[in-house]
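There are 2 protein chains.
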Amino acid sequence: MADGGVGSVTGAGFASLRPMVAPRNVAVIGASDDPTRIGGRPVHNMIRRGFAGGLWPVNPKRDQVQGLRAYPDIASLPGVPEAAVVAVPGALAEQAVDELGRRGCRAVIVFTAGYAEVDEAGVAAQERLVSMARGHGMRLLGPNCLGLFNAPLGYFPIFTSSFDNGWPVEPLAGRGRVGIASQSGAYGTHLFGAARNRGIATPVLITTGNEAEVTLGDVIGWLAEDDGVEIIAAYSEGVREGPRFLAALEAARRAGKPVVMMKVGRSALGAHAARSHTASIAGDDAVTGVVLEEFGVHRARNTEELLDVVYAATPRLYPVRNTLGVVSISGGAGVMISDAAEELGLPMPPMPEDAQARLRALIPFSNPSNPVDCTAQVFNDMSMVGAFARSMVEDGGYSSLIAFFTQVGASPTLAPKLRAELNAVRADHPDRLWCLSVLAPPERVREYEADGYLVFEDPSRAVVALAAQGRFGQAFARAPRAGLELPEVSLPAAAPDEAEAKRILAAAGVPPVPEATAASMEEAVAAARAIGFPVVMKLLSPDILHKSEVGGVMLDVADETAVRANYERLMWNAAENAPDARVTGVLVARQISGAVEVALGITRDAVFGPVAMVGLGGVFIEVLRDVALRRCPVDVAEAEAMIRSLRGFPLLDGARGRPRADVAALARSLSALSAFAVAAGEALASVDVNPVLVLPEGQGAFAADAVIELAARG
Amino acid sequence: MADGGVGSVTGAGFASLRPMVAPRNVAVIGASDDPTRIGGRPVHNMIRRGFAGGLWPVNPKRDQVQGLRAYPDIASLPGVPEAAVVAVPGALAEQAVDELGRRGCRAVIVFTAGYAEVDEAGVAAQERLVSMARGHGMRLLGPNCLGLFNAPLGYFPIFTSSFDNGWPVEPLAGRGRVGIASQSGAYGTHLFGAARNRGIATPVLITTGNEAEVTLGDVIGWLAEDDGVEIIAAYSEGVREGPRFLAALEAARRAGKPVVMMKVGRSALGAHAARSHTASIAGDDAVTGVVLEEFGVHRARNTEELLDVVYAATPRLYPVRNTLGVVSISGGAGVMISDAAEELGLPMPPMPEDAQARLRALIPFSNPSNPVDCTAQVFNDMSMVGAFARSMVEDGGYSSLIAFFTQVGASPTLAPKLRAELNAVRADHPDRLWCLSVLAPPERVREYEADGYLVFEDPSRAVVALAAQGRFGQAFARAPRAGLELPEVSLPAAAPDEAEAKRILAAAGVPPVPEATAASMEEAVAAARAIGFPVVMKLLSPDILHKSEVGGVMLDVADETAVRANYERLMWNAAENAPDARVTGVLVARQISGAVEVALGITRDAVFGPVAMVGLGGVFIEVLRDVALRRCPVDVAEAEAMIRSLRGFPLLDGARGRPRADVAALARSLSALSAFAVAAGEALASVDVNPVLVLPEGQGAFAADAVIELAARG
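Sequence order for the protein chains is A and B.
Heads up: the first sequence runs through residues 1 to 714, numbered per UniProt numbering.
Heads up: the second sequence runs through residues 1 to 714, numbered per UniProt numbering.
Just so you know, the hints here were simulated from the structure itself, not pulled from any lab data.
It is possible that some hints are incorrect.
[To be verified] Partial list, derived from the structure: chain B residues whose beta carbon lies under 10 Å from chain A:
no.: 1; residue: V264
no.: 2; residue: I363
no.: 3; residue: P412
[Unchecked claim] Have a look at the derived ranges for each label pair, beta carbon to beta carbon:
no.: 4; chain 1: B; residue 1: A482; chain 2: A; residue 2: P441; range: 47 to 57 Å
no.: 5; chain 1: B; residue 1: E241; chain 2: A; residue 2: A268; range: 24 to 34 Å
no.: 6; chain 1: A; residue 1: D653; chain 2: B; residue 2: A683; range: 48 to 58 Å
no.: 7; chain 1: A; residue 1: A482; chain 2: B; residue 2: G166; range: 25 to 35 Å
no.: 8; chain 1: B; residue 1: G90; chain 2: A; residue 2: A361; range: 49 to 59 Å
[Stated by the list, open to error] Some chain B residues near chain A, calculated using beta-carbon distances under 8 Å:
no.: 9; residue: G331
no.: 10; residue: D458
no.: 11; residue: R461
no.: 12; residue: P511
Computed from a predicted structure; not experimentally measured.
Positions of the beta carbon are idealized from the N, C-alpha and C atoms, including for glycine.
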């Protein structure tokens, strides 16, 4: 299978799953003669679906299993099994994995449960399984997984009962096929069943269970490289492994394959339920969310939306500049669609004026702007529908179209005319995403789908699904994320104090508020001259903690004369109020006023590594949790996009009569901070640069305080 | 029909629609022999559905219409028609309405289009129709409407082609019936068709078209009082008439009938499309939204959600304290449901500890908290499902339950056992909302529905629908809104200045910052003593606009001695800097610091009258548009709920180390302001009290500025 078909893989990254997903032969350890038992279902399914490779049941108690010759043990198998299902309990499973490895098996699919999902002993047993598999160079799926299927090969090493209700279906001509990658077996097969009921082809399903060795990233990566799959649907309760997951998403993006993902646990209650269900260390949900966004993955809010987006991806049209045109026999439905489109940011530009005039001449009371209301007049002359639709495509140029015809789509008298009119336009413009919103029985829907339409009863659902296709197009069109040049970083052994933290960050490209220390009056004058007036002057003394209490802070120092006078006052105040303190000089700093306060930060996600954060100071972070996150490093353009995504961004953009702030400078600091975090590596636990004072455009953004925390040494 | 059945109406408010919706006989003006023509469809449908009353086609050219005796004109009808359909064009329609009125007809349903939706001449023609109808004491539906149906009577004065795909269905035993009130005919019949396809009974549909006389409020009110309908689904592009709409929603609430509404035009694009579609003056969308909320109406985001909520209302169980219990064979589905429930505020309390222990003893690896994951173990012993479900009802006490069994619900071997187990528990507890989330073909779904379950393929949709039922319960349980005692208000002839505005509002119960004018030093001292220190002192002069420029503002005046000294300084500054100004004394005001700034306001909605607004000052209103609105008047408890609903509320509640603010005082001011707005009547255009300075708890909230705008005199 390495040379073509569903199992063929281009590129190298994820090809090591080939023996697991598309093997030449497969052994079933613990095969049962009863086709409804866990060890019986895979054998039964592969017999029924005609798996062409070797299918070798292992059962010490029987000569035959479901009519196939059975083998008493692994040693007596007629050849080296490329893959094996392990469906025997506890210690026997461990023994089987070991023996399979010794015989040269390349992949094991472990159904057996009772591992890390149960208790500490299970964790230890699971670790033993993994180290055995690794020792033998085998890939291992599960344990505690439902298995997988690769339908075109008739390969069904899976114990679901879903096939009672039907097998995976073939795609309509020209439509894409969907690969399903799911941590949960129950949910993965639910998705397969729901997709099948909607006529969506899902040739491959792989469930990962405990993900002891093969993770969701491996599976998505396999699907990204599998020529038998054009669209990827995934389910996760928590991503456990970063690098392969990221590589897989990038592989899918490069291959132009949309990934639609259900990641549960976004709420506190859900996250709690997820933890008690999987007992796994997973990346923070919000961080996972921004990682998915980074790669253009559509994160679905529920199963229906996941299937809708997958379904709308099957025509494999991903318009980079997506616009929506709507033709409707109900003005109200047009309004509803407009509401949904605006909320999703899917543009609905109006029809050109001259085209509107032509259409208005055809149907006098029509409203051919966009949404185009062609009114019930079309029932008298269905050729109007064709004329309107053609004008929308050819004059309006929309990449996505929704035609709302509700029950007319099922009307015995009107539907055939409607279909003929639309098909004539569609035939000339197959490069558009055509949606019909009709109320029709399933057999009529299947006809429209065979014609090439997407069919949605609810037009609002169509809008969500169409908007997603444009975002896929944009993600596919993006250049791969370029590596940033990383600064040289050498962190100190112990956590640096504020001044040292600022120096470290300054060296990395995050400028602090300009300041200098001065040991004498003339040094202070020179420093102030270099920094620019007005300045703040502060006593420098290791013995004085609260400078303002001893009169050790002078604000609004406007010129050189004032520097001199204030230098003397500071020394006098120190002598008067803290006679025993050692005074080493003064700190001269730029006095900044009228700045917008912003916080920048770095945290380290358990799975995805350093994450950059930006938020506006004050109520925005503390009360409104208005922050933008992104995996490090971020380049300056990405940093600016993060800043612009803040709800409070108008404050930086001239709201409330302020001048526009120096967003470019802030973006440079954020990007530099993110590069610093990557360069610093795992020794860095977090950075908090708060506040950064952002001055008006062209005047810069300066860190006024900074805290760097180092990781506890392991 | 007034004496029983679908047409019977209790109460008086909306009974005047009886002759239109449930007449003893009906004339069809412009009746056609062709059953597919606009004038033919009503006759055809009523013949087919056996309308028992008189059905009198009027057609000057034929003796018979579709086998019925036809009459040449209105004068020759065999009796006075209670209702009449008008399906003749333009001037003929006007003439028909007039003649019908003269004969004593009580209700006309005008299909004819070309009125206010078209041009100015149409507006005038529509006004003539209405004044004719009013003159004759007739109710008028439309013009430009699709008509209505009242299926139990076989009464179908409507020209839709929807019945090609099926008639309204009967409800399952015990399930509620749905009345549809829709401005749009196309959307109303779309809703009917989609409901029918889901097995939902919709005995009554009324479309209002141009709403020249009968409005959506009339129709909702009729349905609220109609014994043949227990649930109301409504569609509007913009509510045009306030009082009857409000009375209708209150009638529905009192009758315990949920109203589920699609109100389109929530986005700017949608609102624009709605305006160009209906050309009507309608209330602001946001105001309409809060009015719907006030009466417990569920505003659906799309058609699917509307139908889901209506469907889940059919068991007519509206738990006031709604809690959700989830039993699942997929841990992941449980997490997904938890995410959705938390976002919708539907509580999922855990099972009691002892019950969890009992369940864990039944299935060792189960996780019986809530969601309750009973694992695939139940496939070996389906009695476990019964045991788990019973414990959830009896020990967990949940009012709503979701059982996620995906394809098991369709499995030939497992589904019958599952059904029997659940039915046994359900039979003992029919007072719970039971949802099955299964992947099953329609015929299997119908079986579960007949058993009493709600069935949703997607469990997230079930959560939305279940959460809505609890909110209905809460709305039904609320005491009717009590009238507030209104203040005596006499507005001045011209817009008042700030001081007068504050005096007017103070008299109405909105206290301003304490202040007093003083004409002498000793008056100033007495005023300061009464107000409490520290105070601010300001020069009072009609000739000085910018007081601070002449040294006319003194802050932080701490005691009586300081009052005297500052009084002298103010007088000296005036003499020095503004020698020609007339000085009438000083203003002494409480100096307030550490307050949270809040804005209160009143605007007048074109449809719903005065609307109260509250928002936090600064970025919250200007950048984040974080405001709460409510129709006036609001009592103190409602006012406090508005304040607590603000995203920025934590700032009033002790965030960022502040003391808690005097929310009670702020709520009193907001309530008083709303009562003032009602009392002031239409002469009042708007009020802006900004800022209100809210001090720490127990110290009050004071208006620091106020603007009152009067309505332009008509």
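What are the numbers of the hints that this structure violates, sorted from low to high?
Result: hints 2, 5, 6, 7, 8 and 12 break, sorted rising.
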